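First to last, the sequence lines map onto chains A and B. When we follow the numbering used here, the leftmost residue of the first sequence carries the number 167, and every step to the right adds one. When we follow the numbering used here, the leftmost residue of the second sequence carries the number 167, and every step to the right adds one.
It is worth saying that the hints were derived from the structure and are not from the lab. Bear in mind that the values here come from a model prediction, so they are computed numbers and not experimental data. Among the clues, some could well be false.
Copies of the same chain look alike in the list, so a pair counts if it fits in one copy or across any two.
Taking lysine-lysine and the BS3-like style, the derived pairs with C-alpha atoms no more than 30 Å apart in a straight line are [unchecked claim]:
1. Lys280 <-> Lys386
2. Lys286 <-> Lys441
3. Lys184 <-> Lys218
4. Lys407 <-> Lys186
5. Lys558 <-> Lys520
6. Lys226 <-> Lys286
7. Lys221 <-> Lys257
8. Lys218 <-> Lys520
9. Lys280 <-> Lys186
10. Lys211 <-> Lys186
11. Lys221 <-> Lys186
12. Lys187 <-> Lys226
2 protein chains.
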Amino acid sequence: MNIVVQKFGGSSVADTDKIKKIAERIRSRVLQGNKLVVVTSAMGKTTDNLIKLAKEISPKPEPRELDMLLTTGEQISISLLAIALNEVNIKSKSLNAFQAEIMTTGDFNEARIKNIKSQKIFDLFEEYDVITIAGFQGINEEGDLTTLGRGGSDTSAVALAAALKAPCEIYSDVDGIYTCDPRLHPNAKKLKFVTYDEMLEMASLGAKVLHSRSVEIAKKFDITLYCAATFSEVEGTYIVKDNIEQPVVTGLSVMDNQTQVTLSRLPEDYTFIHKIFSNVAEEGLNVDMISIIDDDNSLTVSFSIIDESKEDVESALHHSLKDLEKWNLTYHPGYSKLSIVGVGMRSSSGVASKFFGALQQIPIKLVTTSEIKISCLVETSFKQQAVEALTKAFDL
Amino acid sequence: MNIVVQKFGGSSVADTDKIKKIAERIRSRVLQGNKLVVVTSAMGKTTDNLIKLAKEISPKPEPRELDMLLTTGEQISISLLAIALNEVNIKSKSLNAFQAEIMTTGDFNEARIKNIKSQKIFDLFEEYDVITIAGFQGINEEGDLTTLGRGGSDTSAVALAAALKAPCEIYSDVDGIYTCDPRLHPNAKKLKFVTYDEMLEMASLGAKVLHSRSVEIAKKFDITLYCAATFSEVEGTYIVKDNIEQPVVTGLSVMDNQTQVTLSRLPEDYTFIHKIFSNVAEEGLNVDMISIIDDDNSLTVSFSIIDESKEDVESALHHSLKDLEKWNLTYHPGYSKLSIVGVGMRSSSGVASKFFGALQQIPIKLVTTSEIKISCLVETSFKQQAVEALTKAFDL
Chain A
167 MNIVVQKFGG
177 SSVADTDKIK
187 KIAERIRSRV
197 LQGNKLVVVT
207 SAMGKTTDNL
217 IKLAKEISPK
227 PEPRELDMLL
237 TTGEQISISL
247 LAIALNEVNI
257 KSKSLNAFQA
267 EIMTTGDFNE
277 ARIKNIKSQK
287 IFDLFEEYDV
297 ITIAGFQGIN
307 EEGDLTTLGR
317 GGSDTSAVAL
327 AAALKAPCEI
337 YSDVDGIYTC
347 DPRLHPNAKK
357 LKFVTYDEML
367 EMASLGAKVL
377 HSRSVEIAKK
387 FDITLYCAAT
397 FSEVEGTYIV
407 KDNIEQPVVT
417 GLSVMDNQTQ
427 VTLSRLPEDY
437 TFIHKIFSNV
447 AEEGLNVDMI
457 SIIDDDNSLT
467 VSFSIIDESK
477 EDVESALHHS
487 LKDLEKWNLT
497 YHPGYSKLSI
507 VGVGMRSSSG
517 VASKFFGALQ
527 QIPIKLVTTS
537 EIKISCLVET
547 SFKQQAVEAL
557 TKAFDL
Chain B
167 MNIVVQKFGG
177 SSVADTDKIK
187 KIAERIRSRV
197 LQGNKLVVVT
207 SAMGKTTDNL
217 IKLAKEISPK
227 PEPRELDMLL
237 TTGEQISISL
247 LAIALNEVNI
257 KSKSLNAFQA
267 EIMTTGDFNE
277 ARIKNIKSQK
287 IFDLFEEYDV
297 ITIAGFQGIN
307 EEGDLTTLGR
317 GGSDTSAVAL
327 AAALKAPCEI
337 YSDVDGIYTC
347 DPRLHPNAKK
357 LKFVTYDEML
367 EMASLGAKVL
377 HSRSVEIAKK
387 FDITLYCAAT
397 FSEVEGTYIV
407 KDNIEQPVVT
417 GLSVMDNQTQ
427 VTLSRLPEDY
437 TFIHKIFSNV
447 AEEGLNVDMI
457 SIIDDDNSLT
467 VSFSIIDESK
477 EDVESALHHS
487 LKDLEKWNLT
497 YHPGYSKLSI
507 VGVGMRSSSG
517 VASKFFGALQ
527 QIPIKLVTTS
537 EIKISCLVET
547 SFKQQAVEAL
557 TKAFDL
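Here chain A stands alone, though its shape is the one from the complex (with noise of 0.2 Å):
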């Protein structure tokens, strides 16, 4: 049995004639030999919507309710495509994550997928050629709806192909991974493949095409991803374990506001440093760029985070020094985060040196690496500038 699983985003099942495109498309890989499993997104905005209302009645909504109300979109749109194939003559049956048993966490809003049982799915190929299943949703142990957290259908569909040992094509507006974010760098080349490892990074750093969690799961169970645009017939990436291209870096990652925060001439006791990680990770907060520097005999540490979470991080801080005054505690907002990234720098030299020439001009804030990534932080008035040298010095 030929198995593949696609996934639809939410700006591909945004309104019932895409419905009926995406109908027609399915019906011709099936028509090719194919069984599908097609994970959905909901329609467009109505997630948003349904937080929306949400919201309305509740600044902070019961988790385990607002996951029973999120996931009825994922169940609008898969009954919806499962009509449209049905329609076209295509014997297809929707299933939600009860149905389907994607059995997750309890951790509502976002859940871990824990298992899925596929023999199901395997059953039901015997009479239907298209199984349609909502993603973004799972169930827990007492039987509650869960949700994958933002993004979640991604997930929903590469656990669905490890379950299955089936290829996972990831179909949305965006027609594959670039060098570089084509907004800011017009010449970005598309690539044909990006390894796993890569694309974690990338992910992670703003790359808006695959969420994470999808990612770490197709390494694992080692299975191949391909992303291309929805309505196009352009080729577009597949995200795979080795690189047969291997350039030394493959592409360049650019994320705005975030905030460096420094800490200096402070103790050199690194108790006193988990404490202030432990005190900031305890509120939910993400550090990410970390530098910490003993010079003479006192630590500075410097750190980003995202501006809208400088409050919350800030209010950590004073809860764990608590004399903060005798700290120099500096805040700078509204900087820009580059990052090259390639598998090949770990068996490559002189990564750093190019890197550090082709930003010669621009002050740096802060720098961070990774064995395949180098980032560094800018005033966001020179990031266009670092871009253009970034891309010209790594042919990106």
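Add chain B to chain A, keeping to what the hints say.
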């Protein structure tokens, strides 16, 4: 445990402000010491809008998938209501048909409830004060979602009341059962009590307050039903086994858009008559009043249908009566049916006499009677005159 089942119609949950108001009402009942099961319909026009979406894709949407689509409407309203209740510190949990295990037959779009496992709800009342449950929906043995037909949320509520051995309160924008539609007869009186049997006759005759099936279940399990307006303190109507007030005639129902179909000079052959009605029934068409008169060795058959099914009935008759021109077949559209209903008629004589006395100035086209009902068909131009004569004669 003092359990009450309440049901709120679509107009009662049409927006978040109304949902918040209902939450306050429910809260005051909880503070009085009750545990509540609250069944809701979909918000406002949600179901109509979902049907419209499906029809944009297919003129005849696959029934199983249509139910999958429509059940989302009630899931939205129960989760929003649970959010509203938790917001006012009433511990509440919503259950869809899967979770409440509302088992139905497999007849998509018109399923019937087979059973409800009440133990789960009793268990949840250990922790929660209010369980909101999606009306209108169930699951069949295969785990597919089903719906109970339009107005089915009433049936869900009464079936839950039967399972929990609790009274059932139905709230809508109608504040009770009247002797006659107040739009036709402004002096119509609200009834304090009406019996199940009377309500069954009235529900099927166009009194749109309650879904007939819900009254059947209430009668079978002897559940006290109470109908009242959601946003009003005015007392409503109790639907009970015996009407302690027991007037001879309780109400007058009126239904427009009736077509009278008459076949005359038929052979005195009842297998032939059977064939006519079974052909009509096979098309799923409802025949209402039926009168057959044997006159001088030939039969005259007359029955009423709703105007809009005329063409379908016509083709069913053509099918059963090959040589249609042989028979004298006439259609009279645009009639109105008036029916007086009352359990007191069983033990009271002279009702028919009073009925015909009141209508002596009006040409009556067809009459049928049951133990607790007399119905007649008149031209709609005489409707208002007939309503006034009957309400006066029977003090309605």
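Of the hints stated earlier, which fail here? Hints 2, 4, 8, 9 not satisfied by this model.
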